[in-house]
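Undergrad: One-letter residues, chain by chain:
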Amino acid sequence: MKKLKFHYNMTIEFTSPISNHNFKLKCLPKSGSRQTVSELNFEITPNVKLSDGTDGFGNLTRYGNISEEHTLFGVNVEGVCEVNGGFYDEDVNPSMLGLFKVQTPLTKSGEALTEFGNRLSLPEGDNLTKSRYIMHEVYKHFEYVPKATGIATSAEESFALGKGVCQDYSQSMLSICRSMGIPCRYVTGLLMGEGETHAWAEIYSNGKWYGLDPTNDVEVSENHIVISTGRDSADCSINRGIFRGNGTQSQKIYVKVEEVHDTNSNAG
Amino acid sequence: MGIITIEQNDSLFWLGRYTERVYTTVKLYANHYDTMIDEIAESYQKFCIDMNIPDIYGSKDNFIKSYAFDNDNPDSIISNMTRAYDNAIILRDEIGSDGLSYIQLSMYDIQKAEKSHSPMLEIQKLVDHILAFWGYMDDSIDSKRTRDAIKVGKRLERIDLYARLKVPRAQLSKEISKLYYRLPVSGLPYDKFKLEQTKMLAESEKVDYYSIVENIESLVEI
Amino acid sequence: MEDMYKLLEYTDSVNELLARYGVKFGIYKNNTFKEQLFPFDSIPRIIKADEFAVLEKGLKQRVVALNLFLKDIYSKKSIVKDGIVPEDFIFASSGYMPQMEGAFPVNDIYSHISGIDLVQSKDGKWYILEDNLRVPSGASYPMMARDLCRRSAPDVFANTSIEDNRNYADLLRRTMDNVNVGGHTVILTPGRYNAAYFEHSYLAERTGAHLVTNNALKVEDDKLYYLDASGKKERVGAVYRRISDEYLDPINFNSESLIGIPHLFDVFKKGNVAIINAPGNGVADDKGIYYFVPKMIKYYLGEDPILNNAPTYLPFYEDDMKYVLDNFDKLVLKDVAEAGGYGVVFGSKLSGTEKEDFINLLKSEPRRFIGQEVIDFKDLEILDDGNIVPRKADLRAFVLMADEPLVWRSGLTRYSRNPDSFIVNSSQGGGFKDTWVLSR
Numbered sequence: 006m007k008k009l010k011f012h013y014n015m016t017i018e019f020t021s022p023i024s025n026h027n028f029k030l031k032c033l034p035k036s037g038s039r040q041t042v043s044e045l046n047f048e049i050t051p052n053v054k055l056s057d058g059t060d061g062f063g064n065l066t067r068y069g070n071i072s073e074e075h076t077l078f079g080v081n082v083e084g085v086c087e088v089n090g091g092f093y094d095e096d097v098n099p100s101m102l103g104l105f106k107v108q109t110p111l112t113k114s115g116e117a118l119t120e121f122g123n124r125l126s127l128p129e130g131d132n133l134t135k136s137r138y139i140m141h142e143v144y145k146h147f148e149y150v151p152k153a154t155g156i157a158t159s160a161e162e163s164f165a166l167g168k169g170v171c172q173d174y175s176q177s178m179l180s181i182c183r184s185m186g187i188p189c190r191y192v193t194g195l196l197m198g199e200g201e202t203h204a205w206a207e208i209y210s211n212g213k214w215y216g217l218d219p220t221n222d223v224e225v226s227e228n229h230i231v232i233s234t235g236r237d238s239a240d241c242s243i244n245r246g247i248f249r250g251n252g253t254q255s256q257k258i259y260v261k262v263e264e265v266h267d268t269n270s271n272a273g
Numbered sequence: 360m361g362i363i364t365i366e367q368n369d370s371l372f373w374l375g376r377y378t379e380r381v382y383t384t385v386k387l388y389a390n391h392y393d394t395m396i397d398e399i400a401e402s403y404q405k406f407c408i409d410m411n412i413p414d415i416y417g418s419k420d421n422f423i424k425s426y427a428f429d430n431d432n433p434d435s436i437i438s439n440m441t442r443a444y445d446n447a448i449i450l451r452d453e454i455g456s457d458g459l460s461y462i463q464l465s466m467y468d469i470q471k472a473e474k475s476h477s478p479m480l481e482i483q484k485l486v487d488h489i490l491a492f493w494g495y496m497d498d499s500i501d502s503k504r505t506r507d508a509i510k511v512g513k514r515l516e517r518i519d520l521y522a523r524l525k526v527p528r529a530q531l532s533k534e535i536s537k538l539y540y541r542l543p544v545s546g547l548p549y550d551k552f553k554l555e556q557t558k559m560l561a562e563s564e565k566v567d568y569y570s571i572v573e574n575i576e577s578l579v580e581i
Numbered sequence: 211m212e213d214m215y216k217l218l219e220y221t222d223s224v225n226e227l228l229a230r231y232g233v234k235f236g237i238y239k240n241n242t243f244k245e246q247l248f249p250f251d252s253i254p255r256i257i258k259a260d261e262f263a264v265l266e267k268g269l270k271q272r273v274v275a276l277n278l279f280l281k282d283i284y285s286k287k288s289i290v291k292d293g294i295v296p297e298d299f300i301f302a303s304s305g306y307m308p309q310m311e312g313a314f315p316v317n318d319i320y321s322h323i324s325g326i327d328l329v330q331s332k333d334g335k336w337y338i339l340e341d342n343l344r345v346p347s348g349a350s351y352p353m354m355a356r357d358l359c360r361r362s363a364p365d366v367f368a369n370t371s372i373e374d375n376r377n378y379a380d381l382l383r384r385t386m387d388n389v390n391v392g393g394h395t396v397i398l399t400p401g402r403y404n405a406a407y408f409e410h411s412y413l414a415e416r417t418g419a420h421l422v423t424n425n426a427l428k429v430e431d432d433k434l435y436y437l438d439a440s441g442k443k444e445r446v447g448a449v450y451r452r453i454s455d456e457y458l459d460p461i462n463f464n465s466e467s468l469i470g471i472p473h474l475f476d477v478f479k480k481g482n483v484a485i486i487n488a489p490g491n492g493v494a495d496d497k498g499i500y501y502f503v504p505k506m507i508k509y510y511l512g513e514d515p516i517l518n519n520a521p522t523y524l525p526f527y528e529d530d531m532k533y534v535l536d537n538f539d540k541l542v543l544k545d546v547a548e549a550g551g552y553g554v555v556f557g558s559k560l561s562g563t564e565k566e567d568f569i570n571l572l573k574s575e576p577r578r579f580i581g582q583e584v585i586d587f588k589d590l591e592i593l594d595d596g597n598i599v600p601r602k603a604d605l606r607a608f609v610l611m612a613d614e615p616l617v618w619r620s621g622l623t624r625y626s627r628n629p630d631s632f633i634v635n636s637s638q639g640g641g642f643k644d645t646w647v648l649s650r
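Chains as they are written, first to last, in our numbering: chain P, 6 to 273; chain F, 360 to 581; chain W, 211 to 650.
A portion of the hints provided could be inaccurate.
[Stated by the list, open to error] Under the rule of at most 25 Å between Cα atoms (straight-line distance), these lysine-lysine pairs were calculated in the BS3-like manner:
#1 W/Lys443 - F/Lys503
#2 P/Lys35 - W/Lys239
#3 F/Lys471 - W/Lys244
#4 P/Lys168 - P/Lys113
#5 F/Lys471 - W/Lys239
#6 P/Lys257 - P/Lys152
#7 F/Lys474 - W/Lys480
#8 P/Lys152 - P/Lys261
[What the hints assert, rightly or not] Which bits of chain W does chain F cover? Going by a derived footprint, with three or more residues having C-beta under 8 Å, they are:
#9 218-232
#10 403-416
#11 420-434
[To be verified] Covered stretches of chain F (in silico footprint by chain W; criterion: 3 or more residues with CB under 8 Å from a CB of chain W, positions within the stretch not fixed):
#12 363-377
#13 412-423
Hints were generated in silico from the structure; no laboratory data involved.
All C-beta atoms, glycine included, are put in the ideal place defined by N, C-alpha and C.
Given only the sequences and the hints, what does the whole structure look like? Please build it.
TA: Pasting the structure below:
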């Protein structure tokens, strides 16, 4: 078990003022059998009254409306997350498992993914064994290139391009796993270190969820904090908003995750 | 009940304006129609000048057709009738299916007039149905707010048209004073200063028709 | 019942009144919106009292089961676990909305207003053709038509015992009030350029609900408010929405929607407003799930279905695929994702290559189609150009879930104007009739 201190900050600047801004955030890690969140500190700019909810996948949401004009929208989240490990029992309604076998518009395979899937010779074994293999093949196929793809890029498009970021790696992996009948889901989360938010895949094997991180070709460990899970990246958007106004927006994200060692801990 | 949205207020007001515009312009058109039957001179040109609408007609025959029935001519009677209908159709729950039916019938009347060899007979029905609508409104629409929004539109449009046609001061002044009392109790947003000013303009020795039109057009803030 | 023919002489006057009251539907032709009168045929469909009593019982049973199914699907999914409905037919359905997981509609009612389409075969047996649990339309037309027929031909109605169908507004009001959590009831329309705008406005007038577009509504502090022009706002307790799921709320569904209300779904999920019908009902009314409705009735209610489906085959199952291929020419094939008479193919009408292409498509996407026996419809008489001729017709029955299930003792009878067509949809040129349910 590791105790991680996390910090997530997002600011969006608008070149001209916007108003009637409705937003929904999915940026709060939730507590469950995998991880326990504490000492949560949340701030929003401009400061408005917020509501809390959960989505259909059990992810935490926080939402509201800013009616006044503003040119800056900011969210700051800090807290501590104790992570038990990479695999865990289901927290979400297990009857929904079948949903994670179905492709979505973002994971649906086209020519490139289908052909690639047909050429794979999967190892014998359980879903985890097969998925590890798929992860490695996806990792080898992609070249990590930021800005080659966007948030709306589908698995097929990025896979045909052979370039992309964690979202593209993960959705391509989901696409292949689903075509092999393996239930799997998309995860948005935070990774030890400094940088941006991260994404990976979770696959279902022997009654448990296992995190696999195809961007780094590693199994998800105590260094990963899960924020949200869903069918694809669209289900896990950290910020969804609509507003009145035009002008362009620029978004900055800062993430920092570091391990904390309790001073009074007697663990070696 | 007792709640009216901004959109509904807007539609009620414009329903009042367009029914009045159709009613008054139809009457003017009917007078000109009669004059033009045995006339060679192009008297419609003066009509265009009075109404402050562009003269796009070229001939008396074309004026008779286009001013009444051309859907593509934004000044035509049928275009204004269509606008009245477009506002009424979204007000079924305010004015009732019966109220709406008179506007629907007026719409059919103008469409029938276009196809008729004696259009003035159908146009008479159009006038009857608009009057029936106003009568229905007075008699059967219970909500005062609903009635007032339509009536303010109707009064305001009449003043606008009368000022453009430069009717005698007494006639214009009478219409303005009716609006002067109704507008403040209607619940519609309006410019108090402009209302006072309009009243004063109509009372002065030499009526400044142009300023009255300008004032009236921006009086209600919808 | 010879009196029904007496109405023929009033055909023109009834149609004139329908025009007067703007009984129309909208249609897009070459991208421009046009309003069309919905052609009305004055010869009514007549259903005897005892015959309708059976229909009524069967319709209630069906709609109760469908509501239990929806509740089950968006929570425990017992029917899937118990192997009655394969999960492919749930999660791969475009009508399934994961957002509805963990949402609990007031009184467990999902489909408040259900439009169940039936046909009668030549031997007099009724078959269910389709369930419409999203935003079924059409009740307003017969409501209005009855009123106008009675006005035109009072003598016809003086001598018959017909259930008065003008109570639909009361049934609807009772249904809306039953789930209203406190506040106004509104009917949410996408606007006047919608095919069913007449109905939206007429139902608002008759139920006393406010007809609104999204501009008049706003969410604040997890509650929905109705905005008055003077600036005051009042709570809304129930929304009878006449816009489809995806457009309901741009924050939770399609973000491109300009006709929805941001956060409406969040308010619903908190239990602070009723949405009529609930989102996500599409999972229970697609043509694939239709096959399973008789099984649902057995599963949830432990009863035998009172009303039958048209004999249906699911190519998803191997045996059924074989049957469909062996009997292709006598079956009708339907695309489960399509509605309104589209995506319907008669096996016998395909040419050699068309048939080959279709069978290949069927084999590659078996989940996408159902095969059905062609029912030998009982024709109804209509007046066409002065002659009485037979035409295909269906019946849309309306079932309302209020404090108890209610069946409207009437319905929308639609007929095809084309003698060769089985398709009765108004968007494809059909007309409608009044439906008389005899009271004794």
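Undergrad: Each hint needs a verdict: does it hold in this structure or not?
TA: Comparing the hints with the structure gives:
1. Taking the CA atoms of W/Lys443 and F/Lys503, the gap is near 20 Å; set against the 25 Å cutoff, the hint holds.
2. Between P/Lys35 and W/Lys239 the CA atoms are separated by roughly 51 Å; this puts the pair beyond 25 Å, and the hint is violated.
3. Proximity of F/Lys471 to W/Lys244 is assessed by CA-CA distance (about 18 Å); at most 25 Å being required, the pair is judged to hold.
4. For the given pair, P/Lys168 sits about 18 Å from P/Lys113 by alpha-carbon distance, which is consistent with the 25 Å threshold.
5. Note on F/Lys471 and W/Lys239: the hinted pairing holds, with a Cα-Cα distance of about 23 Å set against a maximum of 25 Å.
6. Taking the CA atoms of P/Lys257 and P/Lys152, the gap is near 14 Å; set against the 25 Å cutoff, the hint holds.
7. Between the alpha carbons of F/Lys474 and W/Lys480 the distance comes to roughly 58 Å, so the proposed pair goes past 25 Å and is violated.
8. This hinted pair checks out: P/Lys152 and P/Lys261 have alpha carbons roughly 21 Å apart, not beyond 25 Å.
9. A stretch counts as covered by a chain when three or more of its residues have a beta carbon under 8 Å from one of that chain; for the segment 218-232 of chain W and chain F the count is 4, and the coverage holds.
10. Check result for the segment 403-416 of chain W against chain F: holds, 5 residues qualifying (beta carbon to beta carbon below 8 Å, three or more required).
11. Requiring three or more residues with a Cβ within less than 8 Å of a Cβ of chain F, the coverage given for the segment 420-434 of chain W holds, as 6 such residues are present.
12. Evaluation of the coverage hint for the segment 363-377 of chain F: fulfilled, as 6 residues show C-beta separations to chain W shorter than 8 Å, against a requirement of three.
13. Coverage of the segment 412-423 of chain F by chain W is violated. Counting CB-CB distances below 8 Å, 0 residues qualify, and the rule asks for three or more.
The structure fails to meet hints 2, 7, 13 from the earlier list, while all remaining hints are met.
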